[in-house]
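S.K.: These protein sequence lines are chains A and B, in that order.
Sequential numbering of the first sequence, starting at 569, is according to the numbering used here.
Sequential numbering of the second sequence, starting at 19, is according to the numbering used here.
Bear in mind the hints are in silico, worked out from the structure with no lab data behind them.
Even glycine gets a Cβ: it sits at the ideal position worked out from N, Cα and C.
Any given hint could turn out to be false.
[To be verified] Computed list of lysine to any residue pairs in SDA-like fashion (alpha-carbon distance at most 20 angstroms, straight line):
hint	chain 1	residue 1	chain 2	residue 2
1	B	K171	A	K589
2	B	K168	A	Q614
3	B	K171	A	S618
4	B	K171	A	R607
5	B	K171	A	K660
6	B	K168	A	R613
[Stated by the list, open to error] Negatives, chain B to chain A, calculated, CB over 10 angstroms:
hint	residue
7	G79
8	L170
9	R174
10	D210
11	E211
[As the list claims (entries may be wrong)] With the Cβ distance kept under 8 angstroms, some of the chain B side facing chain A (calculated, not the full set):
hint	residue
12	A73
13	E75
14	L78
15	N82
16	Y179
17	G182
18	R186
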Amino acid sequence: MSNDWPLYEVFIRSRSGLEHKHVGSLHAADARMAVDHARDVYTRRQEGVSIWVVRSADIIASDPLEADSLFEPARDKVYRHPTFYTIPDEVKNL
Amino acid sequence: MSTVLHGAQSASIRSSSSQSEEELRPPLFQYLLRLGDTSLVLGQRLGEWVGHAPALEEDLGLANLSLDLIGQARLLLTYAGEIEGRGRNEDALAFLRDAPFFANLTLAEQPNGDFGRTIVRQYLLDAWQLELYEALQTSRDARLGSIAVKALKETRYHAHYSSGWLVRLGDGTAESRRRVVEALEDLWRFTDELFVADEVDERLARAGIAPALADLKPRWSARIDATLREATLERPAPSPYPWYGKLGVHTEHLGYMLAEMQHLQRTYPGAHW
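Isolated chain A (complex conformation) (with noise of 0.2 angstroms):
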């Protein structure tokens, strides 16, 4: 029956203030349902105060395939990491 429901991705605050994180997927036939499931099957052990779902199908994700080209020309600049950075002790507020 579970393969008929459409697959939704989960995502969970934690606490209030925190950001809501992706914890996995479930099959729901809507989206009541879909919230429902993932307080049932992802918050029973206190994970969380607020629940997003969305179906996975709107999820556009980028390609594995292009990784190399998406991923690696961020490899060798260094400097776009603040630590690359020496900071002047008369910069207080930074």
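Based on these hints, arrange chain B on the given structure of chain A.
M.R.: Only chain B this time, still in chain A's reference frame:
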């Protein structure tokens, strides 16, 4: 929400008599057994779905409901044992009583059947517990009141879950509709018992400990009607056949259920893990 608001919105508890605490012990014990047994038996029934539900997600959902109900039963039966004052704890009450001494509503013990039937049974009882716990929050018995506050939060979710499914199945495919219609027609005859008050109910209502069951009925009815309408289902005709589960007179199903539930404690008395 303030307590005052709650009192105004729910079937409120009215106290008007002076029965002594000692005089109220036997009916209070009986009353707690009825509530505790209803939660226990319904929880055990839902537990039977574990490993058999139509989807993994529903397996967990039903198990969550079951555990909430068994948690309520533990609080209520523990308190019942203390009120009785004969040294029986929650386990003694749950595992070492035979069917005629169980005081659950007859509806709660009805077999699971298919998923639709389980949902119908669940929603009829969820709606009842919703009104009951809402009213019990202002009970003059503070311990019962605090149990009701905790149970009400759980019950709100139970009703959300079961009403969601009832709408989905009733307003779903021809087959899902046929199944819930059959279950509704079949289980409806057990709903009269939910609101028939006996001396226990009346004495506790007079003492301000419990709501008058007659006050709960119109609220329950309105809630059920609204959900049935959304599910495009008809309310079955009334069938005032009396059931007396809360007086210990049960359908044949309870004995079989208890045989399984109590097997371990009966075979190895006092075993724990």
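S.K.: All hints are to be evaluated individually against the structure, with a verdict given for each.
M.R.: Hint check:
A distance of roughly 26 angstroms separates the Cα atoms of B:K171 and A:K589; the hinted pair therefore is violated under the 20 angstroms criterion. Using a Cα cut-off of 20 angstroms, the hinted pair B:K168 and A:Q614 holds, with the two alpha carbons roughly 16 angstroms apart. A threshold of 20 angstroms between alpha carbons decides the hint, and for B:K171 with A:S618 the separation of about 17 angstroms falls inside it, so the pair holds. For the suggested pair B:K171 and A:R607, the alpha carbons sit about 14 angstroms apart, so the restraint of at most 20 angstroms is met.
For the suggested pair B:K171 and A:K660, the alpha carbons sit about 51 angstroms apart, so the restraint of at most 20 angstroms is broken. Of the supplied pair hints, the one linking B:K168 and A:R613 holds, its CA atoms being roughly 17 angstroms apart against a limit of 20 angstroms. With a least CB separation of 4 angstroms from chain A, B:G79 falls inside the 10 angstroms interface cut-off, contrary to its annotation. For B:L170, the shortest C-beta to C-beta distance to chain A comes to about 17 angstroms, beyond the 10 angstroms cut-off, and the non-interface label holds.
Against chain A, the non-interface label of B:R174 holds: every CB pair exceeds 10 angstroms, the least being about 12 angstroms. Non-interface call for B:D210 relative to chain A: holds, since the shortest CB-CB distance, roughly 31 angstroms, exceeds 10 angstroms. Against the 10 angstroms criterion, B:E211 stays outside the reach of chain A, whose nearest CB is about 29 angstroms from its own CB. Restraint check, B:A73 versus chain A: the minimum CB separation of about 4 angstroms is within 8 angstroms; hint holds.
A cut of 8 angstroms between beta carbons decides the hint on B:E75: the least distance to chain A is about 4 angstroms, and the hint holds. Look at B:L78: its Cβ gets to within about 5 angstroms of chain A, closer than 8 angstroms, so that hint holds up. For the restraint placing B:N82 at the interface with chain A, the shortest Cβ-Cβ distance is roughly 5 angstroms, inside the 8 angstroms limit, so the hint holds. The beta carbon of B:Y179 is positioned within 8 angstroms of a beta carbon in chain A (closest approach about 6 angstroms), and the interface hint is therefore held.
Given the 8 angstroms rule on beta carbons, the hint for B:G182 holds: about 6 angstroms separates it from the nearest Cβ of chain A. Annotation: interface hint on B:R186 holds; nearest CB of chain A at approximately 7 angstroms, less than 8 angstroms.
Of the numbered hints stated above, those contradicted by the structure are hints 1, 5, 7, listed in ascending order.
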